[in-house]
Amino acid sequence: MGVIVIGGGHNGLVAAAALARGGQAVTLLEGRDCFGGVASGLLHDTDSFSPEIAAELDLASRGLEFQEPAPVFLPSREGSGLLLHRDPRRAAKELGEDAEAYTAWRGFLERVRPFAASQLNQLAPDIRTSAPLLPLLRRGLALRRLSKQDIHELLRIGPACVYDTLSERFQNPLLVTALSARALSGTWMGPRSPSSTATLLLGEAQSGQEVVGGAPALVAALVAACESAGVVLRTCARVQRIQVNQGRAEGVTLEGGEFLSADRVLSCVGPRRTLLELVEPDSLPIREAGQMANLRLRGTLARVCLELSGPMVYACRPDLQVTRALIAEDPLDLERAFDSVKHRRMPSELPLDIRQDARGATVLIRCATMELKGGWTAARRGELGELTLASLEPFVPTIRSIARVTGVLTPADIASRFDLEGGHEMHGEISLDQLGPMRPSLTLSRHTTPIGGLYLGSSGTHPGGAISGRPGWLAAGVLGRS
Amino acid sequence: MPRRTALFERTAALMTSVAWKEWAGYAAPCNFDAHSEREYFAIRHSAGLLDLSPLSKYTVTGSDAARYLARLWTRDITRLKPGRVAYACLCDGEGKLLDDGTVACLDPETFRVTSSEAWLGWFERHSRGFTVQIEDCTDQLAALALQGPLSRKILQEICGVDLDGMRFFAVAAGRIAGVRGWISRTGYTGDLGFEIWIAHEDALAVYDALLVAGKPYNLEPIGLDALDVARIEAGFVMQGVDYISAQHCLTEARKSTPEDAGLGWTVNLEREGWIGREALLRERAEGPKWALVGLELDWAEIEALHSEYGLPPHLGPVACRNAVPVYPGGGGSKTPVGQATSSTWSPTLKSYLMLAQVQRKFLALGTELQVEYTVEFERRTITARVVPRPFFDPERKTFTPSATPRKASQ
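So the protein sequences, as listed, match chains A and B. One point on numbering: in the working numbering, the residue at position 292 of the first sequence is 309, and numbering is uninterrupted. One point on numbering: in the working numbering, the residue at position 406 of the second sequence is 904, and numbering is uninterrupted.
Rather than coming from a laboratory, the hints here were simulated on the basis of the structure. Check before you lean on any hint, since a few could be wrong.
Derived, one-sided and incomplete: chain B residues facing chain A with beta-carbon distance under 10 Å [stated by the list, open to error]:
id	residue
1	Arg565
2	Arg623
3	His624
4	Ser625
5	Arg626
6	Gly627
7	Gly771
8	Trp772
9	Glu776
Here a beta-carbon is modelled for each residue, glycine too, at the ideal position from N, C-alpha and C.
Using the sequences plus the hints, can you model the full thing?
Written out as structure tokens, the structure is:
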């Protein structure tokens, strides 16, 4: 008996380690042949991983270190591009006339952060009953600590689009582009979509230092933490069914037929897959079945790997060697890219999110729609690789001579390789109606389900986010207290 | 504009009246003459033939069909054997009635579902995860109801299925007037009767063959007015009249659970995994609030009330679907304790009958209540007694000659 955690992504690993350290007998089942989920070869930013969770799980003793995130370089056709540091003091020289506004913006974000963090680091508020007025009041107080001007500004810009919010502050379109791109990952929005500022603020509130060694180092530390806490770790153990009897989860059946019994099951695969595919359809009330059927999880992510035979030289700044780059010169490039998502077509030019070292580069494309008209064929996959080179060429003229496309993952490939329903890396789009007490739905946001002993802990539940570990941590807390 | 069923040209030609009404989007005859009396007596003394085609009809197939239907309907369809029909309720997630209808098991992976209203959207929405195909066959499948004490004899003349051995709520495939179809021993009259399910294009031929075969037995084509009187005598509730489908209710108070509508017997709360169960378990724990009762009005009081106004007692020509308030007996209280939703004079029982939803403390047989009764635009009350429902329940309704030959008494 004990607890079974389904899904060995970052949230599953965090939850398994937390539960095992709390004294539970935990078995972690991963369907793929490696742990880490989207942190093992898809997403590369680790700056949203919660340092509090790292401390609670004592990941430092497993070799985990944090550092200031590397600056992002945005090349331009004219001028010398923008090397953007997160720290405003280091960014000032590059930013020129925007330096003061950027310092003010960072200051505002730092003041808002405690309020936003208070939403992210605890359970979503229960807004269906009147009982928990106190926690709601406490959250209100966190807001109250802000100055009047900050509250007004928060209320003014929260529902607005990032394009307006950022353009009224900054002159340099490269700066606006860099900050917008961050806000839009995991959403189905462009910079001119309403409420995108709210997702920008949430994203900023989650981000801080990044893990030294990136996602692979984080996954290794989490696996080590699980091992030392006594978690039984299994790969290639794909769950086919969560067995429910008399309204209670009593174990799982793996593909191949093996049955594992458990007192409780924590699913860190997406909530929709958990409830609509892993559970027999007659075990779930129609309210939750309907909520999950209506959950939006339209993936927009593709990945291209480049093998490099020489350094990537940006024409606007030939002397500069960077590890992070963003190819997009204007926020409206992002909007046009979103247009192609919206209209289900191939983008004509690609904004690119690049992580590179001496040997190669991993390029994330956030405007490739899972719902492409005609589907993702092999020809379309090739087209995506070619488009990547073509989009880089104006900025890195030598790209075709130094780079070879080695791996293209279309959204459909990502969906199957990483077991992501809809190809969505967070199991549910980030949008105001799918956040907080509505993530993934009003009655499922507090990690419990109508099925006794079955809990939800993927990034499809509150508070969502990329590689943050928070949903798994909160779900483990709920399960541990049950 | 209502649509025409497969039988429109024939029924229109047979009607001497122009009494059409809309039934689920189709034109349906209310009666064939100026009055439905002849049709009513055909149901009770020979047989009546009704075009049932507007009924919503679905074919559900697939390896999960039974499990899927058991999730949607209040009865355990997984235990329904091939050749049997179940009458059941459709509830929403809060256990409130959406509709009632029948599920017929044609073979272990093929079911025929009927309902008063169209539910394809609901059926499809809740089919996720089940291996089933749901086809709306309302337009492709015509249906005829042949109801009355002589219906078996008439139908036997043109069909090869052994009707003497066909039990109540059985269904069988077979040929009727040379046409492939299904016959079920079901109906909405509380009498011996059959329902015949055939392809749209075959409907006229079968209808005509039944009229010819039935002529020596005084078979009559019947309309909805005669049917309405018969179904009240049989104590059957009607969706939209005796209870309102939860999806059409603007307030919670108007919604009904199966128990409220007298259909609690179709519900098995021990069984898991069906829509509405959790809410109905709560209802059972808290105690249901309403009950459906049959009322018989005091005829002497009706006569006396009319005579106060210098009138002979007056009976409506058809069953009445205007709900009237029901008050506690004794006449002291002016606070309604329920409502009578269907009422009719029963020509067979010679009494005035009502179906009423009342608070459960008034459900005992013999309980006296007061129901609103209007004479000369003045609202008065008449004493009504709770009587057994069905009001009219002949043995022939369920009797199967060749299955139980010793009990034959009719």
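Right, here's what the structure says about each hint:
no.: 1; hint: Arg565; result: holds, 7 Å
no.: 2; hint: Arg623; result: holds, 7 Å
no.: 3; hint: His624; result: holds, 6 Å
no.: 4; hint: Ser625; result: holds, 8 Å
no.: 5; hint: Arg626; result: holds, 6 Å
no.: 6; hint: Gly627; result: holds, 3 Å
no.: 7; hint: Gly771; result: holds, 3 Å
no.: 8; hint: Trp772; result: holds, 7 Å
no.: 9; hint: Glu776; result: holds, 7 Å
Going down the numbered hints, you'll see the structure goes against none, and every one checks out.
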